[in-house]
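What follows is the residue order along each chain.
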Amino acid sequence: MRAAFILSEIGLGLRRNLSMVISVVLVTFISLTFVGAAGLLQLQIGQMKGYWYDRVEIAVFLCVDNSTSPTCAAGPVTAEQRDAIRAMFGAENLSRYVSSVAYESQDDALRHFRDQFANSPIVDSVTADQLPESFRVSLVDAEKYEIIDEAFSSLPGVDVVSDQRELLERVFTVLNRASLGALLVAGIMTLCAVLLIATTIRLSAFSRRRETGIMRLVGASKAVIQLPFILEGVIAAVVGAVLASGTLWLSSSFLLTRLARQCPDTAFISAHQVLLLLPALILLAVLLAGASSLLTLQRYVKV
Amino acid sequence: MIRFDNVTKTYDPRSRPALDGVSLEVSRGEFVFLVGASGSGKCTFIRLVLKEDHASHGAVHVAGRNVATIPSWRVPRLRRGIGVVFQDFRLLPNKTVFANVAFAMQVIGKSRPMIRETVPDVLRTVGLEGKNNRMPHELSGGEQQRVAIARAIVNRPGILLADEPTGNLDPTTSMGIMRVLERVNQNGTTVVMATHDDDIVDTLRKRVVELRNGRVVRDEAQGVYEGAIAAAAL
Ligand SMILES: Nc1ncnc2c1ncn2[C@@H]1O[C@H](COP(=O)(O)OP(=O)(O)OP(=O)(O)O)[C@@H](O)[C@H]1O
Ligand SMILES: [Mg+2]
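Chains C and V, in that order, are what the protein sequence lines are.
Read left to right, the first sequence gives residues 22 to 324 (this note's numbering).
Read left to right, the second sequence gives residues 2 to 235 (this note's numbering).
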């Protein structure tokens, strides 16, 4: 009985306040879309960092069959060449710049490749002998890349020396800025949403002050008096969150398939990870709306 | 049923208290008129019984319980035991007579069959049979007040507080309302009615408590509106 009564009260409130309810829906929709976009960008950054970041700073790739650089003219790297290269790291003039060296075999490379591209279809078409073996070097001072480059790039058996850190850093900076921008917009829009929900609840409380006054007099409990207002805000916000989730889901799955086709050698987050983010958005909407309506009711609906 | 022990209520420390050392006991089943000039503290008395406000000094007991000791989440239960009627009826304009009375049962979680059974009974008690589906604006003032009384008693409270319930009604209609209140009282409900209506008080000859400047200046069984003191002054 009480549940049916509360439901009908909610319906009444939503209808009476329709234009405000629609604006709450739209504002939460926009704000949570930005929150979600920021979240997805962070996931994407995490995905890429997960394998690469601060693990490896410089890679000295060794020759494979199809290497084209002049130092690889003699074909794949030989065991002697590899040993000579390895020995170079220990040489007196270099060892003080190097903090650690790790050797990555072709099988290791394939394993890492599979981890990183777990969501990409190209995984199945790559075999170990297509991937170069490498020495992964981290430096005491990351700026000293030139020294390693000079020392190794002309050695026989070395294909190319690449400073992956710099490249990654650039990508991450761009992504981080984008996600920060999205977060900023999200913050402002969320503030708007909270204020708008508070205003809506206040108006709703005002237009129903007769009912709540009588409810108080005949001894309705605090929950029965306040729940319709709180649920009104929460329902509007959840509708906004569902719209935001739908938008994020559709646009991210569209974008991800296109990007994966255009840049097959980059790791992208999976649809699965996007789906995990959406319940968090809805929960956020419930918390925001619940908290702001509770605070408003404290002031405007006496119990 | 209601006991005031030396109760003082001060709204604004710069002016005199609205109630000033009031001690008063109303027993179960009594009918009491609360009279006195405007601003003498009648509304304040009612607000304190409902725990809408708290006494500045002294203790207010309702149904044997000091209301100051009732935690705020228990206040609704206190109010379920008290019906209230006002001068301005306070009906919900967009609900029918039936729905207005049913509202008081719905919000405290009474079942639909129980509501369907009780509401027509109560409407009959207040003399409104056959008007279930009228809207408040289709009723006379007297009929609207009957709806308000029906709503106040539908949950069978032990106490009915009426704040100038006949204030907006003509003498004949007022008498009709008084008959309804008497019937409610005969069914065992304690009735406290604040009023300015001397005709009614003089006709019914019930207990009269007179407040002046927040003090009880007269309390007599089967009293009249103008007390001995006021009469002597004339
Ligand atoms: N909420 C309030 N804040 C401040 N003062 C108040 C408040 N309510 C009542 N008062 C003051 O308390 C005194 C008693 O008021 P109360 O409403 O109890 O009188 P009353 O006897 O019901 O008057 P009336 O017959 O006009 O309804 C008045 O002087 C009034 O100004
Ligand atoms: Mg008054």
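Be aware that one or more of the hints could be misleading.
Each pair of labels, with its calculated beta carbon distance range [claimed, not checked]:
{"id": "1", "chain 1": "V", "residue 1": "N133", "chain 2": "C", "residue 2": "R230", "range": "33 to 43 Å"}
{"id": "2", "chain 1": "V", "residue 1": "D122", "chain 2": "C", "residue 2": "R230", "range": "50 to 60 Å"}
{"id": "3", "chain 1": "V", "residue 1": "L93", "chain 2": "C", "residue 2": "L276", "range": "44 to 54 Å"}
{"id": "4", "chain 1": "C", "residue 1": "G208", "chain 2": "V", "residue 2": "D122", "range": "51 to 61 Å"}
{"id": "5", "chain 1": "V", "residue 1": "G142", "chain 2": "C", "residue 2": "F227", "range": "33 to 43 Å"}
{"id": "6", "chain 1": "C", "residue 1": "V307", "chain 2": "V", "residue 2": "S28", "range": "44 to 54 Å"}
{"id": "7", "chain 1": "V", "residue 1": "E53", "chain 2": "C", "residue 2": "F227", "range": "48 to 58 Å"}
{"id": "8", "chain 1": "V", "residue 1": "D200", "chain 2": "C", "residue 2": "F227", "range": "47 to 57 Å"}
It should be emphasised that the hints constitute simulated quantities derived from the structure, not laboratory data.
Quick reminder that beta carbons are idealized off the backbone N, C-alpha and C, glycines included.
Against the structure, the hints come out as follows:
1. Take V:N133 and C:R230: their Cβ atoms lie about 26 Å apart, and the range 33 to 43 Å is violated.
2. For the pair V:D122 and C:R230, the beta carbons lie near 30 Å from each other, so the given range of 50 to 60 Å is not met.
3. Hint check: V:L93 to C:L276, Cβ distance near 53 Å, so the stated range 44 to 54 Å holds.
4. Look at C:G208 against V:D122: about 58 Å separates their beta carbons, and that is inside 51 to 61 Å.
5. Remark: the range hint 33 to 43 Å for V:G142 to C:F227 is contradicted by a beta-carbon distance near 27 Å.
6. Look at C:V307 against V:S28: about 51 Å separates their beta carbons, and that is inside 44 to 54 Å.
7. In this structure the hint that V:E53 and C:F227 lie 48 to 58 Å apart at CB is violated, the actual value being about 20 Å.
8. At roughly 39 Å, the beta carbons of V:D200 and C:F227 sit outside the given window of 47 to 57 Å.
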